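Colleague: Chain by chain, the residues run as shown.
2 protein chains.
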Amino acid sequence: MDKKQLEKYAQLLVRSGGNVQKGQLVIVSCAVDDACFGRMVQEAAYDAGACEVRMDWLDDQCSRTTYLRGADEIFDSFPQWRVDKLKEQDDRGAVYLHVRSSDPDVLAGVDADRLRRSTKSSREATKEHTRLTMGSFRRWSIIATPSPAWAKKVFPDLSEENAMEKMWQYLLKGARADGENPIADWETHKKSFDERVNFLNKKSFDALRITTKLGTDITIGLAKNHVWEGGGDTDKDGIPFFPNMPTEEIFTMPDRMRADGRVVASMPLSYQGNLIDGFEMTFKDGKVESFRADANESALANIIEIDEGGGRLGEVAIVSNSSPIGKMNTLFYNTLFDENASSHLALGKAYPKNLKGGDELSTEEFIAAGGNDSLVHVDFMFGTPDMNIFGIDENGNETHFYQSGEFVFN
Amino acid sequence: MDKKQLEKYAQLLVRSGGNVQKGQLVIVSCAVDDACFGRMVQEAAYDAGACEVRMDWLDDQCSRTTYLRGADEIFDSFPQWRVDKLKEQDDRGAVYLHVRSSDPDVLAGVDADRLRRSTKSSREATKEHTRLTMGSFRRWSIIATPSPAWAKKVFPDLSEENAMEKMWQYLLKGARADGENPIADWETHKKSFDERVNFLNKKSFDALRITTKLGTDITIGLAKNHVWEGGGDTDKDGIPFFPNMPTEEIFTMPDRMRADGRVVASMPLSYQGNLIDGFEMTFKDGKVESFRADANESALANIIEIDEGGGRLGEVAIVSNSSPIGKMNTLFYNTLFDENASSHLALGKAYPKNLKGGDELSTEEFIAAGGNDSLVHVDFMFGTPDMNIFGIDENGNETHFYQSGEFVFN
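Chains as they are written, first to last, in my numbering: chain A, 1 to 410; chain P, 1 to 410.
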């Protein structure tokens with residue numbers, strides 16, 4: 001991939017993604033194999049006036065080795081200094097830039113119980129940091145870069161070199177970062193969200209009924225005072241940022257106690273290296289009552305059973321089928337891309353920002369208001385080109401605002 | 001370089017270097033560009049029975065960028081969580097494996113005052129960890145791997161690819177890791193040190209007089225109860241390890257108050273990216289009285305003036321000219337290699353292990369016994385093929401035990 005275009009991609013992450021401000025501390029997490037791109041991000045962050053840019057280097061392969069070969073007890077603890085590190089950074093108002101380049105299969109064959117315990121201990125220890133980032137008290141942004149393993153997974157028929165080149169093209173196109181001026185393109189993109197979000201927030205439906213030919217037929221209650229979001233976020237100081245690049249979704253908060261019916265996934269879910277495939281769930285009173293999967297059902301069970309909120313909904317998101325990623329018709333084995341190809345739901349924790357005044361509520365108050373709480377937040381796709389969505393108001397009247405995969409409220 | 005031989009090199013670091021024990025926590029620090037070799041070290045450490053192998057990834061280029069572009073105030077502080085991280089690891093009895101692959105010029109042009117302040121704040125914060133590692137309470141080991149920039153610096157006339165290949169050959173040969181069974185070769189190597197160390201410890205000279213044709217003529221008092229070390233180390237539990245691979249030196253502790261005469265360096269000193277060249281110092285009563293350098297004199301001043309101990313000697317080390325590295329007759333711009341090519345001195349902190357019972361002394365007691373204390377410990381070479389060393393006993397009698405670059409006491 002052309003170096004100039006990559007520098008634009010790095011600048012997009014820094015400027016539109018994290019919106020780095022003068023004098024700000026910046027944390028860049030990046031795979032060691034992607035050091036060249038990570039260095040571009042660091043330079044771009046200094047260009048934006050960062051006071052300090054720290055690199056958190058990651059290596060999925062070393063993580064895998066430790067999952068496979070480490071002593072069993074190490075997965076139940078999370079060192080306090082790691083918590084303190086996040087606190088020091090958060091106290092200094094850090095912005096977090098994540099460059100993700102994962103091999104979808106890197107955790108395949110790893111003991112699911114180790115993964116579950118490791119996730120649980122790290123999530124519990126870093127709850128405060130999660131509250132700050134999910135509540136938009138701190139800005140953050142994620143973009144993707146290809147790895148050879150990932151590229152070969154998505155394009156198994158190409159040579160590694162060609163697969164990498166094609167991945168770069170797809171990732172940049174999918175992230176609307178393939179043009180002359182990606183930052184300007186994202187300004188335009190941002191505006192296109194407003195119409196949809198405004199329509200849905202004005203309607204403030206009591207529930208959504210969603211159907212697909214795959215067999216989904218579910219009525220999802222929306223929390224009273226829910227807020228539709230999309231097209232980026234704004235932090236507590238009013239500074240806009242894009243947590244995810246790409247982002248094509250608009251999303252809100254289900255009522256954790258109201259979801260009834262059947263959901264059939266339209267794409268496999270790659271979760272901690274396991275591809276959960278051919279799966280569906282049946283909800284009653286907001287909770288998963290039964291579920292099944294053709295492949296890796298136990299990984300699905302790990303999500304649903306991690307805690308009380310793991311089997312309830314934390315997000316409902318609608319994506320137009322005509323998004324750049326939707327049009328690629330490609331399974332990326334990667335939530336960041338796959339979730340922007342298709343409408344989806346999330347099991348687990350809801351975003352406080354999807355509720356009016358949600359940020360000021362205690363966890364108990366948030367739950368009482370219908371918000372779901374959990375150690376996990378896992379998106380899975382259920383959108384199809386034939387999907388229909390009906391908004392239902394408090395009197396039971398239906399508005400058919402999304403038809404055959406597209407918004408039709410105009 | 002042949003992958004099998006690299007795996008042997010990784011095993012050598014783990015087994016002979018750090019001597020990783022069953023159930024031990026292992027910390028591997030490694031450059032991101034060297035991820036392949038870092039992963040081999042991780043695997044080898046698990047092979048040795050490590051309970052957990054954590055990777056600390058480094059990137060010199062990103063460090064350089066921060067030195068050049070970071071806000072000025074960030075160089076005066078060192079986050080507490082970094083101190084706590086070392087403490088957690090030390091409390092768990094960690095062994096530290098360092099894979100060093102530095103570009104000698106990476107810090108060239110960086111503001112010397114920023115470097116000095118950064119070194120000072122990190123050294124002050126990590127004093128306890130330094131005490132544990134320098135006092136052999138915790139095991140650690142350093143080996144080197146080539147980087148393209150380093151290889152091109154040492155072999156400027158070769159292509160990058162050929163320079164890298166030649167560097168691998170030189171580094172493996174220099175580290176006695178180019179044979180069929182490097183671990184066995186190191187056992188043999190270890191034994192060859194015993195004769196020299198035993199001779200010098202039995203003699204327990206009061207002082208050394210050292211001369212070279214370059215102009216060195218200095219008498220260095222040795223601390224009463226000094227101990228000559230060499231050929232590896234033994235931790236507090238009696239477990240042997242090699243802190244440096246290669247190691248060819250035997251070394252002991254000067255009396256911080258007794259060094260008189262002139263020292264002329266025989267090789268440039270690469271310090272924090274600056275090549276201090278053509279330098280000499282004159283000592284009086286143990287302290288540098290005057291100094292000069294043809295190049296980067298200010299970097300030399302930064303060492304000498306960092307604190308009271310920066311201008312006094314912490315180590316005197318003798319190397320035979322016929323060591324594998326000595327025979328290469330190559331400037332590596334790297335202390336680990338260059339110090340094993342030639343006899344050298346260190347400015348700054350002395351090793352407590354070079355004094356009988358030194359580990360049990362407080363800093364004040366250590367200083368009173370003649371040991372030097374400082375935030376720095378910087379080796380510089382002054383050995384030449386014509387070097388002569390005379391041991392002087394308490395009555396002033398001289399023993400000429402090292403002649404024209406070789407030990408001659410047999």
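Don't read these hints as lab results, they were simulated from the structure. One should not assume that every hint holds.
Pairs count within a copy or across copies, as identical chains cannot be separated in the list.
[To be verified] Restricting the straight-line Cα-Cα distance to at most 20 Å, the calculated cross-link-like pairs of lysine to aspartate or glutamate (EDC-like) are:
1. K22 with E73
2. K173 with D217
3. K127 with E406
4. K4 with E88
5. K3 with D386
6. K87 with E289
7. K4 with E289
8. K4 with D235
9. K4 with E305
10. K22 with D72
11. K120 with E52
12. K284 with D237
This structure is a prediction, so every number in the text was calculated from the model and none was measured.
Colleague: Now tell me if each hint is right for this structure.
Modeller: Hint-by-hint comparison with the structure:
no.: 1; hint: K22 with E73; in the structure: between (43 Å within a copy, 15 Å between copies)
no.: 2; hint: K173 with D217; in the structure: neither (33 Å within a copy, 69 Å between copies)
no.: 3; hint: K127 with E406; in the structure: neither (37 Å within a copy, 63 Å between copies)
no.: 4; hint: K4 with E88; in the structure: neither (34 Å within a copy, 43 Å between copies)
no.: 5; hint: K3 with D386; in the structure: neither (40 Å within a copy, 53 Å between copies)
no.: 6; hint: K87 with E289; in the structure: neither (38 Å within a copy, 47 Å between copies)
no.: 7; hint: K4 with E289; in the structure: neither (51 Å within a copy, 54 Å between copies)
no.: 8; hint: K4 with D235; in the structure: neither (30 Å within a copy, 52 Å between copies)
no.: 9; hint: K4 with E305; in the structure: neither (46 Å within a copy, 45 Å between copies)
no.: 10; hint: K22 with D72; in the structure: between (44 Å within a copy, 14 Å between copies)
no.: 11; hint: K120 with E52; in the structure: between (31 Å within a copy, 18 Å between copies)
no.: 12; hint: K284 with D237; in the structure: neither (40 Å within a copy, 61 Å between copies)
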